[in-house]
Every structure is written in structure tokens, then in C-alpha cells.
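So the protein lines, in turn, are chains A and B.
So the first sequence is numbered by my numbering: it starts at 1 and just counts up by one.
So the second sequence is numbered by my numbering: it starts at 1001 and just counts up by one.
The set of hints was computed from the structure by calculation and includes no laboratory data.
From a predicted model like this one, the values you see are computed outputs, not experimental measurements.
Using N, Cα and C, we set each Cβ at its ideal position, and we do this for glycine too.
Do not take every clue at face value.
Stated by the list, open to error - No more than 30 Å apart at the CA atoms, straight line, and that leaves these computed lysine-lysine pairs for DSS-like:
#1 B/K1254 / A/K79
#2 B/K1167 / B/K1254
#3 A/K109 / A/K79
#4 B/K1108 / A/K108
#5 B/K1083 / B/K1108
#6 A/K79 / A/K116
#7 B/K1224 / B/K1131
#8 A/K172 / A/K108
#9 B/K1254 / B/K1352
#10 A/K182 / A/K79
#11 B/K1167 / A/K109
#12 A/K229 / A/K108
#13 B/K1167 / B/K1083
#14 A/K108 / B/K1276
#15 A/K172 / A/K116
#16 A/K172 / A/K79
#17 B/K1108 / A/K79
#18 B/K1276 / B/K1224
#19 B/K1276 / A/K117
#20 B/K1131 / A/K116
#21 A/K108 / A/K79
#22 B/K1276 / B/K1254
#23 A/K117 / A/K182
#24 A/K116 / B/K1108
What the hints assert, rightly or not - Pulled from the structure, derived: some chain B residues nowhere near chain A, Cβ distances all over 10 Å:
#25 A1109
#26 L1149
#27 F1181
#28 D1265
#29 Y1267
#30 F1301
#31 Q1320
#32 I1346
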Amino acid sequence: MDNSTSQVIHLDHVRKQYGSFTAVEDADFTIGRGEFFAMLGPSGCGKTTTLKMIAGFEQPTSGSVFLEGVNVSTVPPYKRNVNTVFQQYALFPHMSVADNIAFGPRSKKLDESEVKKRVGDMLDVVRLAEFADRRPSQLSGGQQQRVALARALVNYPSALLLDEPLAALDLKLREAMQIELKRIQREVEITFVFVTHDQGEALTMSDRIAVMSQGVVEQIGTPVDIYKKPESLFVAGFIGSANLLPSTVSQFDSAGGTVMLQGGGTVTVTRDNVASDVTWATGEEVTVMLRPEHLHVTVERPAGDALQAEVTDVVFQGSAVRLVLQLENGTEVTAIVGGDVDLPFLRPGAAVWLSWLAASPYVLDGWPDLAGATTTNLESIEAAL
Amino acid sequence: MTSVVSAGRKWGESLSSRPENVGLGVMLGLGLGAVALAAQWVKGPSALLVAVAMLAMAIGLIYTAFAGGLEARKSLAPYGLLKPGIIWLCLFFLAPLWSMVVMSLSSKAGRFDFFPDFTWNFENYRIALTKFRPQFIRSFSYAGIATLLTVVIGYPLAYFIAFRGGKYRNILLGLVVVPFFTSYLIRTLAWNNILADEGPVVSLINTLHLSGIFESLDIMQNGKLMNTPAAVIGGLTYNFLPFMVLPIYVSLEKIDVRLVDAAMDLYSSASQAFRKVVLPLSLPGLFAGGLLVFIPAAGDFVNAQFLGNPQTTMIGNSIQDQFLRQLNYPVASAMSFVLMIIITIIVLIYTKFMGTEDLA
Chain A
1 MDNSTSQVIH LDHVRKQYGS FTAVEDADFT IGRGEFFAML GPSGCGKTTT LKMIAGFEQP
61 TSGSVFLEGV NVSTVPPYKR NVNTVFQQYA LFPHMSVADN IAFGPRSKKL DESEVKKRVG
121 DMLDVVRLAE FADRRPSQLS GGQQQRVALA RALVNYPSAL LLDEPLAALD LKLREAMQIE
181 LKRIQREVEI TFVFVTHDQG EALTMSDRIA VMSQGVVEQI GTPVDIYKKP ESLFVAGFIG
241 SANLLPSTVS QFDSAGGTVM LQGGGTVTVT RDNVASDVTW ATGEEVTVML RPEHLHVTVE
301 RPAGDALQAE VTDVVFQGSA VRLVLQLENG TEVTAIVGGD VDLPFLRPGA AVWLSWLAAS
361 PYVLDGWPDL AGATTTNLES IEAAL
Chain B
1001 MTSVVSAGRK WGESLSSRPE NVGLGVMLGL GLGAVALAAQ WVKGPSALLV AVAMLAMAIG
1061 LIYTAFAGGL EARKSLAPYG LLKPGIIWLC LFFLAPLWSM VVMSLSSKAG RFDFFPDFTW
1121 NFENYRIALT KFRPQFIRSF SYAGIATLLT VVIGYPLAYF IAFRGGKYRN ILLGLVVVPF
1181 FTSYLIRTLA WNNILADEGP VVSLINTLHL SGIFESLDIM QNGKLMNTPA AVIGGLTYNF
1241 LPFMVLPIYV SLEKIDVRLV DAAMDLYSSA SQAFRKVVLP LSLPGLFAGG LLVFIPAAGD
1301 FVNAQFLGNP QTTMIGNSIQ DQFLRQLNYP VASAMSFVLM IIITIIVLIY TKFMGTEDLA
């Protein structure tokens, strides 16, 4: 990687400590030019603190923050060429939309004609030209959001930092703004660093995601990698829904092997179903992750690996049907089947078989805190934190 | 027969469609009634007024009576809430004001005639504006300086409490108000002891040999702190400081601190962020504080009386003197009215330049 041109932000073993509490532990990663980078994690995971260290509102306890190759660890925010879109937007209530957007360029003492031109351009980018003279309080939430974006982008920062920018919007508007944000990012070609606790948002918009938990960066990767090949049980459970089934290794070598599910049943594993560097001995504790949408539900036992289960709940969700099932050992799992499936056997109490394609399962080290379906109940995630 | 009924109903409806007229009629009636009663008491040109007021009241009542119907009563309800305030203001503001204006144009028939007669006597105003010009000027300059001092002292104080007070905020605010637990007079008299010639402050200044500096700044005169203009202004500043701190605090406290972060994120240093964001957003408080300090300070007579000397007399002292000692009600009334007019003009100009209605 050519360091000088392609990397915009580099965190070098950054640590942030408040008293005895470690907010961020050894964050060490690089964000490239033009990238849409998300920091994802539950509240209190250190993602906002990391963002504040990039913005300059916090300084790392140890380690360094590099911006365009320059160490800015102790540089105050007003001397850093990054801009932030704040969670509640923090628009200046005593200024018009145009003056809000002009704030940065005017602070930089740019020529007033240049300021006017930039503000006009930016109002067009966020499609708010006709609202230039309004006060922020006269705008809707989505419009305020776009003003906040324009106010930051008008400075042509090296990177735009967004702190939960969509959290204050309702669902429909949030979805529209996700698309809008992507459009604007493509248009201005500026690096976006985006903090969110909403994994759907991160998966939809980002080029790469850093999943954080308790101050630690658990994994950095593309949305597909993070979803399909989580590197930790936390990531597996936090991203999307997953059925995490505690198992033990029966046999495993360079070509793959089999693992035995707790409570019965075996799963055939190939090299593609595990991280590339694992070597497991027989009897080792592992977890099989099966995504709900990868489970097939049949009445007859299919050929190959399969598990017997009893349907406990059928939830119609429009485009799909979510089934809650119980394995023989009592573990609860969920499966999602197409909305067109209207089979009479899908009723509470029905005995069914669960099967999957050979490529579907993914096997990770260790046992989960809670066996079975995750993320379908938020309490278990919160409790695990 | 039916046509008469429907015509009556129509009239009622047309009235109830403009309930604000009804409310205004009632208020006007009540107000003029009170004014007329007051005018009667001071033997002013009141006979005509009483007639007009009675008529207005009658019209108001008729309006109210005819604008019946549930809808009309509903839309009248907000005016109902105004009633106690309106009555209070009519009785204790409008009526005395009218009586004062009438009095200011009256003259005494003889030295011992208690009730002056209304004679369009503008001589009272000439006396007020010429003989008492120095007191007027002194009052407004003392009040102006005191207002500036309360800003200089009060703004940082309010800023500290609002942004750095943390969990001690309420205690600190309480401390600002604590002096009010003692009477105004006692508080002012206490300064008499503090600033006295043998008091702690003068002793300290003398021990440190700083009296020369204080003399050159005109704070001390002839080795004294007491009975100087500085003492009067200091007393005003001290007594009215909370009226500056509290409104500024309220407007600062409402400011989202993330706005300062946003300003700093947008290339403003801390001082620029203060100037461009915090200060403009706290202007309503500063504005209110200015009014709350300047207006009573301009009319104050307690500080000048207890902390000043005969050369520091403020207009309040002169008015008090004319009213209570000289029993010259007409001149005293003229002085009061002039004071009111000047304050009103100053406030209007001030509002024009610091007008903050769009900041709310």
C-alpha cells in the first residue's frame, strides 16, 4: 500500500483511558482515501471515543493518530482538517442555514466570494438551495441532517466523521438518508468515517466495518467478510442473527473434518467453513454458527447433516416467515423461510428436520455465553456486554 | 317574527366571530373606569372622563353579554386569564400613573394647601429639567456604570456556574441569591461599615500604601472610600448584581455545549467559538439583565443616601426629598414622570440596538 496517497487516517496502537476505565484498547488500523468506513458496536464499546480522538476532542492516552501521514495526536480540533457531523447535528440556532454552512470557511478567513460560491455549491449537493435563509429550527430532522453534512463537507476535509448521524431520524427517513449519504459520498469523494450501533446501517453503507466491543476492535473487514466469516463469537452474534451451537471437534485435519453438536448431531466441516489458520485437536470446544436464512426446514429427513427440531412459534413477517424451533436438547434456534412457503406442517408443535448447504455453517473457537439463537432477543446481547 | 330572531342570531354570530373586540372592550372599560376614579380623587379634569369611561364599560359589558354561545365563551377564555392582571395593572399602575400626570400639571394654591389644583402648570417640568438636571445626569451615568460593572462581574460568574459548576451549580446559584435574604437597607448599610474610614478596606489600602493609586483613579477621595461616587456605584453594582447573573445564567445554561465543539470542529479557537456562538446565544440574558439592573438603579435612592455625599445625590433622592420633605407633590410628580420618559426612551434605543426577539 502506498502510504502517502492512499491512507488518510492511521491509528497507531491507540489507547484511551479514563481513570481506571479503558475506553479504547490498542486500536490499530488504517482508513483509506475515499473509503466509507464504519465503526460498529453496542453503546459503550469505545467507537465514539475513537471518533473523538480522530476529530481531536479527545487525546489518546498512548499511541498516535495520523492524519494524511502527519501525527496529530495533540493537535486541537480547529487545526485538524477533519470535520464532524454531530449526533444531534449541533447546528447553530442563531444562524441561517447558509451562515451555518459558511461557518467553517469564514473561520478559515476565506474570501467572502469564495465562501458564497462554496456554500451555494454545497446547498446544491444536499438539495437545500431554497432553504438557505431559514433557521435550523424551521427545518425537518432530515433537512437539519443535510445541513450538518453540508456544514462539514464545505470545508473539503480529509475525512468526514459522522457520529450516529441517523440515530435521531425515524425508520423511513433513516433508510432514505442512508441512500442519500452514499450518493453524497460518491459525489464528493471524501473519506467517511461513520459511527453506528445499527448493524443494518453499517452493512448497507460501508466499504469496510470495524466491529468494536468493550474498547477492543474485534474485526475489520468488508460487510460480506464480517457477515460470513466472523472472527469472534461477539462478531458472529452482533452482526445479523445467528444460531450459535456449542460443539466439540470429533476430527479435524488440513482437509476439514466433523464436529459434534452438544446434545447430538454432527456437522461436516471443510476448510472453507473455518478461518484459514485454525488447527483443532479432537475434543476442542468450538461453536457452529448457522444463519437463520441458511436453514432448510423439511418434514422428511433429508440426506446429509440434519437436526431434528420442534416448531415452537411461527412469525409471519411479510416477505419471510421466521420460525422459532427447539432442538432435542432444548436449545432454541431460529430459521427464516420464504414468505411464499405456506406449508401445513409449519405450526407450533410440528416435528421437522433442519438441514443446510455444505458451505453454510461457519465454525469458531470457544463456546458462546448463550447457546442457540442470538440477536433475536436484545436483552441477551445487552446482558452479555 | 322569525326574521327578527334570525337577525339577532346573526348579530350575535358576527360579534362572536371577533371575540378579541369583546375582550378589548372589557379591558378598555375597566382601565378607563379606574383612571377616571383616580382622576376624581386628585380633583383633575375628570367629569368628562368618568362619562367616557362609564360608556366604555357599558359597551364592553353589552358586547360580552351579546357575544354569547359556547364558541364565543371558549375563545374568550384566554382573556379571562388576563383579568386579574388587567385589573391589577389598572388599579395600581394606570390609575396612579394618571394621577401622577395630573398632579405634575397642578399647582398649589397656598403653601399649606394639601390638595393642589389642576392648572396645566408646565412650570413643574421646567423646574424638574433645569434645577434637577445634575441629578438626572448623575443618576443615568451611575446606573450606566453600575450596569457595565455588573456585566463585567456577572457574565464570567454566570458562565462559570453554567459551564463549570457541575454538581455545585444549584448551590452556587443559591449563593448568588443569598444576600436577598437580608433586607436591602441592611445590606447597603453593611457597606457603610466595610468602607468606613477606620474599616478593613481603607486600613488595608493604607497598609499597602496603595491610596495614591486609588486617589488617582478617583475611587478614593481625601483618603476616604465612604461617601464617594465610587461607593455609590459600588453599592448599586453589589445590590443589583444578582439581577444580571440570573438571566445570563438562564440563557447560558440553555446553550448546548456541543455547539462549542461544533464551532471548534469548524476551525474556531475557543475564544472565537465564544465570540461567534456562546456570546450571541447569551444575548437575550444579557439584554434582560441590562434592563433589570439599569432601570431600578437609575431610580434608586438608597445607595446614594447611605453611601454617598451631598454631591452624589441621585434623582431618586431628589424625588423623595420633594415628595416627603418639601411636600411639593407637583414638582415631584413632574420629576418622576420625566424619569419614566427618559428611561423609556433609553430602553427603546437599547432594544433597537440589542433587539433579540429573533434569538429566542
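Does B/K1254 sit within 30 Å of B/K1167, going by the straight-line distance between their CA atoms?
At roughly 16 Å apart (the allowed maximum being 30 Å), B/K1254 and B/K1167 satisfy the hint.
Given the hinted pair B/K1276 and B/K1224, is their alpha-carbon gap at most 30 Å?
Given pair B/K1276, B/K1224 is violated - Cα atoms ~43 Å apart, limit 30 Å.
Cβ separation check - B/D1265 to all of chain A, threshold 10 Å:
Violated, since 5 Å does not exceed 10 Å.
30 Å limit on alpha-carbon distance, applied to hinted pair B/K1131 and A/K116:
Given that 30 Å is the threshold and the Cα spacing comes to 58 Å, the pair is violated.
Please settle this one: B/I1346 was flagged as non-interface, so is its CB more than 10 Å from every CB on chain A?
Holds, because the least Cβ-Cβ distance between B/I1346 and chain A comes to about 25 Å, which exceeds 10 Å.
Within 30 Å, alpha carbon to alpha carbon, are B/K1167 and B/K1083?
Given that 30 Å is the threshold and the Cα spacing comes to 41 Å, the pair is violated.
Hinted pair A/K116 and B/K1108, Cα distance within 30 Å
violated, 69 Å
So if I understand the rule, the pair passes when the alpha-carbon distance is 30 Å or less; does A/K229 with A/K108 pass?
violated, 45 Å
Verify that the Cβ of B/F1301 lies farther than 10 Å from every Cβ atom of chain A, and report whether the claim holds or is violated.
holds, 39 Å
Holds or violated: A/K172 to A/K116, with C-alpha atoms at most 30 Å apart
Roughly 33 Å separates the two Cα atoms, so the pair is violated.
Are A/K117 and A/K182 close enough, with their CA atoms no more than 30 Å apart?
The given pair, whose Cα atoms are some 24 Å apart, holds under the 30 Å limit.
So if I understand the rule, the pair passes when the alpha-carbon distance is 30 Å or less; does B/K1167 with A/K109 pass?
At roughly 39 Å apart (the allowed maximum being 30 Å), A/K109 and B/K1167 break the hint.
The structure fails hints 4, 5, 8, 11, 12, 13, 15, 16, 17, 18, 20, 24, 28, 29 (numbered hints given earlier, in ascending order).
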